[in-house]
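Here are the chains, one letter per residue:
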Amino acid sequence: MVYLKLMFIAACFILSPLQSHAADGDYGYPIPGSYEATIIGTPAALIPPLPAYIRTRQLELDIFPDRKKPPIFFHDQGLLCTFAYQKQKAPLVFLIGGTGAGNQTPRLLTMTKALYQAGFHVITLPSPTHSNFIVSASQSGIPGDLTEDAVDLYRVMEAAWNEVKGDIEVSDFHLGGYSMGATQAAFVAKLDEERRLFNFRKVLMINPSVSLYNSVTRIEELLQQIPGGAKKQGIFFNRMLSKFSEFYRYGNFVAVNENFLYTIYTEKLFSRPETAGLIGLSYRIGLGGMIFSSDVMTNSGYVVPKNRVLSPTDSLFDYFLVSTHLSFYDYFNEYFYPHFLKQRPGLTKQALIDSESLRSIESYLKTSAKFGMMTNENDFILTKEELDYLKQLFGERARIYPRGGHLGNLEYKDNLAYMVDFFKK
Amino acid sequence: MMIVIRCHVIRICLALMLSLSLAGCATTGVNSQAEVPAMHSINEFRDQNFAEVSDPWEGFNRNMYRFNFYVDRYLFIPVVNSYEFVTPVFLQERISAFYNNLGEVKNLTNSLFQLKGIESMTTLGRFVTNSTVGIGGLFDPATSFGLERHNEDFGKTLGYWGAGSGPYLVLPFFGPSSVRDTGGLVVDTGITYGIYSAIDPFGFTGNSFPIDASITTLNFVDTRHNQSFRYYESGYPFEYYMVRFLYHEKRDIESGRPLPAD
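These protein sequence lines are chains Z and X, in that order.
For the first sequence, position 239 matches number 239 in this note's numbering, and the numbering has no gaps at all.
For the second sequence, position 223 matches number 1223 in this note's numbering, and the numbering has no gaps at all.
Bound-form chain Z, shown alone (with noise of 0.2 Å):
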């Protein structure tokens, strides 16, 4: 019928040649392009044997009891966590998801068994960005700022942890996070450090942004090599659309399945800019999901008109349509920074873009010796100057990988290998 994980590599689709890589070290992760990385992430065979199933169970936390949620969301009944738990005495890894991310996106669920696998009790949490958070978890309703983004996240973890004390036994505590997760479990454990809740031992960054605005100017710029520019995704997003089809009737396939996604890949169905832009198109998709969950969260009239109440049967496409053509230029401007500014008078938006920056909370950094950071070489989140940045403030703490994109290594053995042995240390 519906799979799930087609709807994620359909977002994407696919792109160019495996080629075989200069021999760097004994790095084995095999994709040599920074795109084709993050796209096609690490081929099954060298995703580490993990166990097909884990004892776990879900948590549905109610945040804010008091909160009444709008009639669209009726599905939303409390904040999502997977908790999956051992029987004896272990230390609990709580895991933040990247942007987008739920509590049971694959990457999360493959840490999850990684760690489980290795004797660790694991708490997986959505992202911030994620509408089930907006809409449940986030007091604001309006992601994007780690400060805040931090103080949700620490009550979510708070939550988490009364729900499940009874039925474990914790000897320490961990954190981590991928993407923007990785920068949010920075400001987290800063903010640990003054609750002293959970007193977190460990904390693993994996490939974080430097700076979230920096970042997503990157991710801007893959889309406006589409023709015509960004606001002509919908054009875009057809004409790569009929390719992929065309590309099937073509050959002689027996279904829309992995082996066909892989031959895209091989045939160099899709150029580089191309390939570019679907990854900046996939991105858009899921920002205007964030644009709209917040928008219907705080009623600000944004996409929606202010005070309409959407029933669960009533078309969205409309809404879909003007969301995912908005960039997220649009959203900090228009929404974002407004909303801060009105918080705090006088504030810049180049104050307002530092504070959404490793670089404010440096010191804290640079000092503390429970961090851990891996990233790649050719992540196109972070600039060379922000990559060298990265490099001088961990230290020995840092581990740089010479490929894998954005987070496309993530789950190959070596890697998952590396975060396990991190937090036993």
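Note that these hints are calculated values from the structure, not bench results.
Any given hint could be a false lead.
As the list claims (entries may be wrong) - Below, a list of computed lysine to aspartate or glutamate pairs in the DMTMM-like style, where the Cα atoms sit at most 25 Å apart: (1) 89(Z) with 192(Z); (2) 232(Z) with 1047(X); (3) 268(Z) with 1252(X); (4) 69(Z) with 1035(X); (5) 231(Z) with 1212(X); (6) 1106(X) with 1200(X); (7) 69(Z) with 1239(X); (8) 342(Z) with 1200(X); (9) 232(Z) with 1044(X); (10) 366(Z) with 172(Z); (11) 1250(X) with 246(Z); (12) 370(Z) with 334(Z); (13) 202(Z) with 330(Z).
As the list claims (entries may be wrong) - Chain Z side only, calculated, beta carbon under 7 Å to chain X, not exhaustive: (14) 131; (15) 315; (16) 325; (17) 329.
These numbers were taken from a predicted model, which means no experiment stands behind them.
Using N, Cα and C, we set each Cβ at its ideal position, and we do this for glycine too.
Could you slot chain X onto chain Z? The hints should help.
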């Protein structure tokens, strides 16, 4: 007795569906404050629509989508979870293989309907191999012999012979479909049922109804067990459109005729 229970279940389901559609109506118009136009609207963009699928009954479909969410949440998923809890993984895999093998009958009839010679032979080969060497379909040695599975159904057959998909339709219990595929589902079910009644494998026991009912129920549980999809799980507020688009596109691509190579 069974029939009475079944009627009862159907009545409960109808009542539930009806109450859900009424609840949908009741929630509109609650807010009395005047609406203010949004900052951005559809009129400002000069671009093609995308991910669009013919869906004139969207209100009904969204109701069914929601109905399926509740059925999943309060019935199917708890059943599937208990099934996974009590059944060893090895046994689960054998059960799935068994039903997959029975499904080859549907694949075979439909590849014959589409006059696909090689594919029909492959599917027949799979069925014979797995039914014998694979011990009644419990194992799938055919795939390792290079006989690839070709999923076919009557909806695809209709598509192959040029029938368009028609409007999108969300069926209660079954989920995303289209007018054409709903017709296909009815035909496939009829053929399977016809073949099954003709063979009547448990007729000799004199007690075939409970056995048949168990086989059907287990088939349903196994099917749901193999589907990782959960309604609204993505949390994406436009999930309905993503599911609709991907369903339609996948069916459209897979049921089309191959184009001649240049």
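Going through the hints against the structure:
A threshold of 25 Å between alpha carbons decides the hint, and for residue 89(Z) with residue 192(Z) the separation of about 23 Å falls inside it, so the pair holds. Only pairs whose Cα atoms come within 25 Å are accepted, and residue 232(Z) paired with residue 1047(X) is accepted, the gap being roughly 5 Å. For a cut-off of 25 Å, the pair hint linking residue 268(Z) to residue 1252(X) stands: about 23 Å separates their Cα positions. At roughly 19 Å between alpha-carbon atoms, residue 69(Z) and residue 1035(X) fall within 25 Å of each other, so this suggested pair holds.
Restraint check: the Cα-Cα separation between residue 231(Z) and residue 1212(X) comes to about 57 Å, which exceeds 25 Å; the hinted pair is violated. Of the supplied pair hints, the one linking residue 1106(X) and residue 1200(X) holds, its CA atoms being roughly 17 Å apart against a limit of 25 Å. For the suggested pair residue 69(Z) and residue 1239(X), the alpha carbons sit about 18 Å apart, so the restraint of at most 25 Å is met. A threshold of 25 Å between alpha carbons decides the hint, and for residue 342(Z) with residue 1200(X) the separation of about 74 Å lies outside it, so the pair is violated.
Proximity of residue 232(Z) to residue 1044(X) is assessed by CA-CA distance (about 12 Å); at most 25 Å being required, the pair is judged to hold. For the hint linking residue 366(Z) to residue 172(Z), the alpha-carbon distance of about 23 Å falls within 25 Å, and the restraint holds. Proximity of residue 1250(X) to residue 246(Z) is assessed by CA-CA distance (about 13 Å); at most 25 Å being required, the pair is judged to hold. This hinted pair does not check out: residue 370(Z) and residue 334(Z) have alpha carbons roughly 38 Å apart, beyond 25 Å.
The straight-line distance between the Cα atoms of residue 202(Z) and residue 330(Z) is roughly 37 Å, outside the 25 Å bound, and the hint therefore fails. Given hint, residue 131(Z) at the interface with chain X, holds; its Cβ is 5 Å from that chain's nearest Cβ, closer than 7 Å. For residue 315(Z), the interface hint holds, the least distance from its beta-carbon to any beta-carbon of chain X being 5 Å, beneath 7 Å. A hinted interface residue such as residue 325(Z) counts as satisfied when its beta carbon comes closer than 7 Å to some beta carbon of chain X; here the least separation is about 5 Å, so the hint holds.
At a threshold of 7 Å, the smallest CB-CB gap from residue 329(Z) to chain X is about 13 Å, leaving the interface hint violated.
In this structure, the hints that do not hold are numbers 5, 8, 12, 13 and 17, in rising order.
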